[in-house]
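Asker: Spelled out from the first residue to the last, the chains are:
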Amino acid sequence: MAPILRSTSLLALLVCQISLLFFASKLPISSGSEDSYRITGRVRIPASTVIGHAAKFSNIKVVLNGGQNVTFLRPDGYFTFHKVPAGTHLIEVYALGYFFSPVRVDVSARHRGKVQATLTETRRSLTELVLEPLRPEQYYEMREPFNVMAIVKSPMGLMVGFMVVVVFLMPKLMENIDPEEMKSAQEQMRSQGVPSLSSLLPASR
Amino acid sequence: MAMAIRVFLLLLIFLSSAIVSFSLYEDQVGLMDWHQRYIGKVKHAVFHTQKTGRKRVIVSTEENVVASLDLRLGEIFWRHVLGTKDAIDGVDIALGKYVITLSSEGTTLRAWNLPDGQMVWETSLHSAQHSKSLLSVPTNLKVDKDYPIIVFGGGYLHAVSAIDGEVLWKKDFTEEGFEIQRVLQPPGSSIIYVLGFLNSSEAVVYQIDSKSGEVVAQKSMVFPGGFSGEISSVSNDKVVVLDSTRSILVTIGFLDGDISFQKTQISDIVEDSGKAEILSPLLSNMLAVKVNKRTIFVRVGGEGKLEVVDSLSDEIAMSDSLPVADDQEAFASVHHEGSKIHLMVKLVNDLDTVLLRESIQMDQHRGRVHKVFINNYIRTDRTNGFRALIVMEDHSLLLLQQGAIVWSREEGLASVTDVTTVELPVAKDGVSVAKVEHTLLEWLKGHMLKLKGSLLLASPEEVVAIQELRLKSSGKNKLTRDHNGFRKLILALTRAGKLFALHTGDGRIVWSMLLNSPSKSEACERPNGINLYQWQVPHHHAMDKNPSVLVVGRCGSDSSAPGVLSFVDVYTGKELSSSDIGHSVVQVMPLPFTDSTEQRLHLIADTDGHVHLYPKTSEALSIFQREFQNVYWYTVGADDGIIRGHAMKSSCSGETADEYCFSTRELWTVVFPSESEKIISTLTRKPNEVVHTQAKVNTDQDLLYKYVSKNLLFVATVSPKGAGEIGSVTPEESSLVVYLIDTITGRILHRLSHQGCQGPVHAVFSENWVVYHYFNLRAHKYEVTVVEIYDQSRAENKNVWKLILGKHNLTAPITSYSRPEVLTKSQSYFFAQSVKTIAVTSTTKGITSKQLLIGTIGDQILALDKRFVDPRRTLNPSQAEKEEGIIPLTDSLPIIPQSYVTHSLKVEGLRGIVAAPTKLESTTHVFAYGVDLFYTRLAPSKTYDSLTDDFSYALLLITIVALVAAIYITWVLSEKKELSEKWR
Numbered sequence: 001m002a003p004i005l006r007s008t009s010l011l012a013l014l015v016c017q018i019s020l021l022f023f024a025s026k027l028p029i030s031s032g033s034e035d036s037y038r039i040t041g042r043v044r045i046p047a048s049t050v051i052g053h054a055a056k057f058s059n060i061k062v063v064l065n066g067g068q069n070v071t072f073l074r075p076d077g078y079f080t081f082h083k084v085p086a087g088t089h090l091i092e093v094y095a096l097g098y099f100f101s102p103v104r105v106d107v108s109a110r111h112r113g114k115v116q117a118t119l120t121e122t123r124r125s126l127t128e129l130v131l132e133p134l135r136p137e138q139y140y141e142m143r144e145p146f147n148v149m150a151i152v153k154s155p156m157g158l159m160v161g162f163m164v165v166v167v168f169l170m171p172k173l174m175e176n177i178d179p180e181e182m183k184s185a186q187e188q189m190r191s192q193g194v195p196s197l198s199s200l201l202p203a204s205r
Numbered sequence: 001m002a003m004a005i006r007v008f009l010l011l012l013i014f015l016s017s018a019i020v021s022f023s024l025y026e027d028q029v030g031l032m033d034w035h036q037r038y039i040g041k042v043k044h045a046v047f048h049t050q051k052t053g054r055k056r057v058i059v060s061t062e063e064n065v066v067a068s069l070d071l072r073l074g075e076i077f078w079r080h081v082l083g084t085k086d087a088i089d090g091v092d093i094a095l096g097k098y099v100i101t102l103s104s105e106g107t108t109l110r111a112w113n114l115p116d117g118q119m120v121w122e123t124s125l126h127s128a129q130h131s132k133s134l135l136s137v138p139t140n141l142k143v144d145k146d147y148p149i150i151v152f153g154g155g156y157l158h159a160v161s162a163i164d165g166e167v168l169w170k171k172d173f174t175e176e177g178f179e180i181q182r183v184l185q186p187p188g189s190s191i192i193y194v195l196g197f198l199n200s201s202e203a204v205v206y207q208i209d210s211k212s213g214e215v216v217a218q219k220s221m222v223f224p225g226g227f228s229g230e231i232s233s234v235s236n237d238k239v240v241v242l243d244s245t246r247s248i249l250v251t252i253g254f255l256d257g258d259i260s261f262q263k264t265q266i267s268d269i270v271e272d273s274g275k276a277e278i279l280s281p282l283l284s285n286m287l288a289v290k291v292n293k294r295t296i297f298v299r300v301g302g303e304g305k306l307e308v309v310d311s312l313s314d315e316i317a318m319s320d321s322l323p324v325a326d327d328q329e330a331f332a333s334v335h336h337e338g339s340k341i342h343l344m345v346k347l348v349n350d351l352d353t354v355l356l357r358e359s360i361q362m363d364q365h366r367g368r369v370h371k372v373f374i375n376n377y378i379r380t381d382r383t384n385g386f387r388a389l390i391v392m393e394d395h396s397l398l399l400l401q402q403g404a405i406v407w408s409r410e411e412g413l414a415s416v417t418d419v420t421t422v423e424l425p426v427a428k429d430g431v432s433v434a435k436v437e438h439t440l441l442e443w444l445k446g447h448m449l450k451l452k453g454s455l456l457l458a459s460p461e462e463v464v465a466i467q468e469l470r471l472k473s474s475g476k477n478k479l480t481r482d483h484n485g486f487r488k489l490i491l492a493l494t495r496a497g498k499l500f501a502l503h504t505g506d507g508r509i510v511w512s513m514l515l516n517s518p519s520k521s522e523a524c525e526r527p528n529g530i531n532l533y534q535w536q537v538p539h540h541h542a543m544d545k546n547p548s549v550l551v552v553g554r555c556g557s558d559s560s561a562p563g564v565l566s567f568v569d570v571y572t573g574k575e576l577s578s579s580d581i582g583h584s585v586v587q588v589m590p591l592p593f594t595d596s597t598e599q600r601l602h603l604i605a606d607t608d609g610h611v612h613l614y615p616k617t618s619e620a621l622s623i624f625q626r627e628f629q630n631v632y633w634y635t636v637g638a639d640d641g642i643i644r645g646h647a648m649k650s651s652c653s654g655e656t657a658d659e660y661c662f663s664t665r666e667l668w669t670v671v672f673p674s675e676s677e678k679i680i681s682t683l684t685r686k687p688n689e690v691v692h693t694q695a696k697v698n699t700d701q702d703l704l705y706k707y708v709s710k711n712l713l714f715v716a717t718v719s720p721k722g723a724g725e726i727g728s729v730t731p732e733e734s735s736l737v738v739y740l741i742d743t744i745t746g747r748i749l750h751r752l753s754h755q756g757c758q759g760p761v762h763a764v765f766s767e768n769w770v771v772y773h774y775f776n777l778r779a780h781k782y783e784v785t786v787v788e789i790y791d792q793s794r795a796e797n798k799n800v801w802k803l804i805l806g807k808h809n810l811t812a813p814i815t816s817y818s819r820p821e822v823l824t825k826s827q828s829y830f831f832a833q834s835v836k837t838i839a840v841t842s843t844t845k846g847i848t849s850k851q852l853l854i855g856t857i858g859d860q861i862l863a864l865d866k867r868f869v870d871p872r873r874t875l876n877p878s879q880a881e882k883e884e885g886i887i888p889l890t891d892s893l894p895i896i897p898q899s900y901v902t903h904s905l906k907v908e909g910l911r912g913i914v915a916a917p918t919k920l921e922s923t924t925h926v927f928a929y930g931v932d933l934f935y936t937r938l939a940p941s942k943t944y945d946s947l948t949d950d951f952s953y954a955l956l957l958i959t960i961v962a963l964v965a966a967i968y969i970t971w972v973l974s975e976k977k978e979l980s981e982k983w984r
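Sequences listed follow chains A and B, in order. Residues 1 to 205 (our numbering) are what the first sequence spells out, left to right. Residues 1 to 984 (our numbering) are what the second sequence spells out, left to right.
It should be emphasised that the hints constitute simulated quantities derived from the structure, not laboratory data. Among the hints, a few may not be true.
What the hints assert, rightly or not - Derived CB-CB ranges, DEER-like:
| id | chain 1 | residue 1 | chain 2 | residue 2 | range |
| --- | --- | --- | --- | --- | --- |
| 1 | A | Met156 | B | Lys574 | 49 to 59 Å |
| 2 | A | Gly161 | B | Met448 | 22 to 32 Å |
| 3 | B | Thr245 | A | Gly77 | 20 to 30 Å |
| 4 | A | Leu134 | B | Asn531 | 39 to 49 Å |
| 5 | A | Leu134 | B | Leu823 | 34 to 44 Å |
| 6 | A | Arg190 | B | Val463 | 51 to 61 Å |
| 7 | B | Thr597 | A | Met142 | 51 to 61 Å |
| 8 | A | Met142 | B | Pro115 | 25 to 35 Å |
To be verified - BS3-like cross-link-like pairs, simulated, lysine-lysine; straight-line CA separation at most 25 Å:
| id | chain 1 | residue 1 | chain 2 | residue 2 |
| --- | --- | --- | --- | --- |
| 9 | B | Lys696 | A | Lys83 |
| 10 | B | Lys976 | A | Lys183 |
| 11 | B | Lys977 | A | Lys172 |
Glycine included, each C-beta is placed from N, C-alpha and C at the ideal position.
The task is simple: from the sequences and hints, build the whole structure.
Answerer: Okay, here's the thing in structure tokens:
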């Protein structure tokens, strides 16, 4: 039902194959019965952090293949997955306050565990496995400081603004009118009878 | 006149500044939500109290948590939840500053910084086979400025540097089939003694040089009888093991590299013999043996002579011994007596010297004591004081000191297995539950404060006061039903078999109850809780009765183990009755019938293919007999890939059967080819879900009828190769197929296959749609697909004239037997995160639009509008479609940080999300459980039917007062003016 989506996957594959940018991945000291390799990478969080979210490495988790393995960061930001078989894997980083793109990691059996990595969200291939957040995440709405402009711009503010114009500027306009004309106009109005507030209230009768 | 308008204007400005908020602000945290942090049942505990300053205890738990707790208050300093397959085997402190954990069967060794929990190093150790693992942190072993940690696991012995985690040396024991039991290190020597069994009949002692890992000497001795594997090391050169017949204790001495055996028949030292069992606590020069339910303390003499020093008949729990002053060692033992527990600390050398004897009254029933850990401290008068950390049968953790419980943690709540919500009692007249809203002045003062806060004029102290006021807002925590249905009880059943009732207002435990076994039999001391069902919800009849829930438990972990039913009063938390039902429990089916006292009828299927009706009353039986032909059920055989449909046949035959037992017949089977498809997930709609409307109006005024059936089963299968983890298959090898099956007829209504995709599949089924999450191997991304089902057979009912003339078929009975013509629509999107569980919000009448609650692997919960997973989304929606709220199609679903319902919190180890309706249509309760608990209230379409909590009544009142005053003043002014004008 969604053919549009499928076509993009092929492109992603192509990108991966063209971008043969490897980075060093150490071979295991001695592999056991099956070929297993090691994926080492690093998480880097920009120094300028969002207010309220101190970038603490101790709260960051790195997840391989949707929960198959979970590891933590060392103080320098490095992490390692041990005993990973050759194949295509997915690494996700979870840090409160940041959004990381999942990373597609291909561990090659032919090249003795060489690793190539691609960000799945932006389809950008990485020359080395250094993971940076795509964007910081702000979980709360910011409470707007008392802002006059915001109030003025709101529908209520516009209504108020219009009324301010009427109340404060109209008399000014009236002043500019020739007093003679004004008087005649007032006379005219009086003869018709202006409904005043006091006449509207029943108590005034 | 102008004056009046000016006053009015000022007021308007005043009013408009009070912005009504919908999404969560940081200061609204804790208003509707609460979060509780747990760690799980403690397995190991290591005290760290030597230095002055913070006293702490490092614990590892069965939920794979390593944590540092404050010893004074029991709060968590830090904790880490390891992966689900990363079970912790051992924990210790090295160098006085690192916490060392060994996990994953002895293959992963990690060091954590003691003060803040930052991981310092991580080492992966080699393993070739499964074996028990052992962590030993020698305290005084130093090799070239390095402090080795000795680890055994997977057939290898490793020495790992405590400083940086480098492997110093390793020794291969895989070929010999050698299983290391103990690593002993005599003080002041660089030789390590490694004792192990070869094929459990030969004891081997290696002397290993701790510098190089070279074997200096090796001695072995064959013990003809064989060992049982239970071992207790009593001193630096002696261990005691039990032989395979469990009747002989063998003392193995390996002084100076010589091995000597000394056999002692248990029957020689104890009168009543039987199968013996060595208890795990390590006591110096002594061991504890359990024979015939008696705990026997056996002293090991200098020449390996065994001698019984004490024998206790009580069920006791013991701690390891720890050195106290003057080369003496002490240990703690705890036993029960009614609601009291007795803690005793005795000297190992002299069991008659009791250093400490305390009796502690338990505040509630917590079962037996499972584990004891003790720690000593020097009192001001230079005597030893002791504190004991005890783990109870309900998994709770308590610290005892000076005859009192200093703190307790309800760690049972870290392993919740099932959750349901129940109503609180109705407030009765004349019974004031909470104190009434103070005085009017105080009320107004509070609101003035809030007003100041909303205008951002409040000083920091006032902000704190406001927050406090909001958090304990009077009505929130009452123990009565409220008008909006916001106050409810969340019943949580834990793995330990304890039932907790939590208040939605603040998450406090209203009551808790440990399930008891109805028959005090040997086999079933404490049943495991499995599921929770609403048993009796009185709302029409039987109003005088309290609602009750049914707890289904099982004696043992095997599915064929006999079941236990327990009925619990929801208001009081008392067990009404419990019964041993005498048959196994495979499936519990609540039926849509209730009897005159509003007890719901339940069917319980057992392993023999029979079903049993509960409650066992003649009334229930007569109700059931009436509907006998209309009861169907199905079973899913995930192993053989067959789904079977069943119907009732007749009463059971056989001598043990009663009239409430029925045999069944098989109606249909759906067999999935085992070579290409394996069932990985099945799902049905929630039985209590409310659907507001069956029809859906399209933009072009076209009508679609939802196919709303309670008997739809969603099944997901993958190729057997793709059943493993991501990364184990290539896209060509794996495909995912989903089915929608009618469970009455076994008819497959829809089948959809995804090539190059694999599980795990997490799905949610609501109304007429299914949303499921899986992994696309080709794109190497997660995908979410939505399938909506519409009923085509009623598609002609659109014509108004047909309706008027009665030619529609709306009144025709809907039956599963008629062949449905269904139309399905589906659409797929990418999703950027792994998912642990998906749920959907539910409201009382089902009018409010729905939100998906996605529990991500980062242990957060994301609320995603159902509008984002709508098959009608197109790239360029027409104007009419836009007006209807159809979002333009994008290839991936958005993750908006503000829509995380858990905001900046994590529900560590998230396992499930439960949504329950409130009485207010717009709002729904959301409760998430894992290692942590989290609760919040959500309004998927905003709170359109009520004022928010933030609504400032004071402002409203002030405005009204000010308006009245303004009217009065302007009236006076106006009258004056009129008078003066009249005089003119």
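Asker: All the hints need checking, so say for each whether the structure fits it.
Answerer: Status of each hint after checking the structure:
1. Met156(A) x Lys574(B): 49 to 59 Å: 56 Å, holds
2. Gly161(A) x Met448(B): 22 to 32 Å: 28 Å, holds
3. Thr245(B) x Gly77(A): 20 to 30 Å: Taking Cβ atoms as reference, Thr245(B) and Gly77(A) lie about 56 Å apart, which means the hint is violated.
4. Leu134(A) x Asn531(B): 39 to 49 Å: The hint (39 to 49 Å, Cβ to Cβ) holds, given that Leu134(A) and Asn531(B) are roughly 42 Å apart.
5. Leu134(A) x Leu823(B): 34 to 44 Å: The hint (34 to 44 Å, Cβ to Cβ) holds, given that Leu134(A) and Leu823(B) are roughly 39 Å apart.
6. Arg190(A) x Val463(B): 51 to 61 Å: Holds, at about 56 Å.
7. Thr597(B) x Met142(A): 51 to 61 Å: At 55 Å between Cβs, range holds.
8. Met142(A) x Pro115(B): 25 to 35 Å: 33 Å, holds
9. Lys696(B) x Lys83(A): The hint is violated at about 52 Å.
10. Lys976(B) x Lys183(A): Distance of about 21 Å is within 25 Å: holds.
11. Lys977(B) x Lys172(A): 20 Å, holds
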